[in-house]
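Protein sequences appear in the order of chains U and G. Using the numbering used here, read the first sequence as starting at 1 and increasing by one per residue. Using the numbering used here, read the second sequence as starting at 1001 and increasing by one per residue.
No lab work stands behind these hints: they were computed from the structure. Some hints here could point you the wrong way.
Said to hold, decoys possible - From the structure, some residues in chain U lie toward chain G, with a derived Cβ separation under 7 Å:
id, residue
1, Gly33
2, Glu44
3, Met45
4, Tyr54
5, Gly85
Here a beta-carbon is modelled for each residue, glycine too, at the ideal position from N, C-alpha and C.
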Amino acid sequence: AQKITQTQPGMFVQEKEAVTLDCTYDTSDQSYGLFWYKQPSSGEMIFLIYQGSYDEQNATEGRYSLNFQKARKSANLVISASQLGDSAMYFCAMRGMEYGNKLVFGAGTILRVKS
Amino acid sequence: ETGVTQTPRHLVMGMTNKKSLKCEQHLGHNAMYWYKQSAKKPLELMFVYNFKEQTENNSVPSRFSPECPNSSHLFLHLHTLQPEDSALYLCASSHLVPGLAGLYNEQFFGPGTRLTVL
Chain U
1 AQKITQTQPG
11 MFVQEKEAVT
21 LDCTYDTSDQ
31 SYGLFWYKQP
41 SSGEMIFLIY
51 QGSYDEQNAT
61 EGRYSLNFQK
71 ARKSANLVIS
81 ASQLGDSAMY
91 FCAMRGMEYG
101 NKLVFGAGTI
111 LRVKS
Chain G
1001 ETGVTQTPRH
1011 LVMGMTNKKS
1021 LKCEQHLGHN
1031 AMYWYKQSAK
1041 KPLELMFVYN
1051 FKEQTENNSV
1061 PSRFSPECPN
1071 SSHLFLHLHT
1081 LQPEDSALYL
1091 CASSHLVPGL
1101 AGLYNEQFFG
1111 PGTRLTVL
């Protein structure tokens, strides 16, 4: 069974608008961590934001925020005020003891920001 | 140099060649990783080294041979590869802490080596 599901293969957003990238996960762990990474065309994976399963508040990091809904097992990334430089592949990932404390990645979502 | 560096950035090799990918981290981390990223597939973890000891080998074919001489350097030796091995190979490092305390440890990635096997 897929552990991390990103249902949007590709997304378009107008510059300066907000966009939400979906991520759902599957785990039996009570303690786990959720991560989002950005991969521009250059190939490097850039860490964006982290959410712990016991964190009561949604994580925020600049223009990035994580809409964490634990009961629904979703961890959507919200990018506010999109910029052309946000065009990239975005990966959701999870780490938990069920998966040997390894990072498990979703298939990714390609985001294109239009001017 | 800072962060995680990888060389070469691009590599084209024949199926009978032997080549090596190099990764170096300048972050003082104790764990290093090799990932394979193929088109339209999720990132696949290949190997994990913790304090120079291999702790993970995700059923990777023996034509891929990792080497970790110290906690800052990681190599991936390639021998008699197949065209389906063409992919982006990413190296990462992190500070690995056992147990629940280690759940928050983001991995820092290098820029990757784009490998093409002819």
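Evaluation of the provided hints:
1. Gly33: At 4 Å from the nearest chain G Cβ, U/Gly33 passes the 7 Å test, so the hint holds.
2. Glu44: Cβ of U/Glu44 sits 4 Å from chain G, so the hint holds.
3. Met45: With a minimum Cβ separation of about 4 Å from chain G (threshold 7 Å), the hint on U/Met45 holds.
4. Tyr54: violated (10 Å)
5. Gly85: violated (17 Å)
In terms of the numbered hints stated before, the structure departs from hints 4 and 5, listed from lowest to highest.
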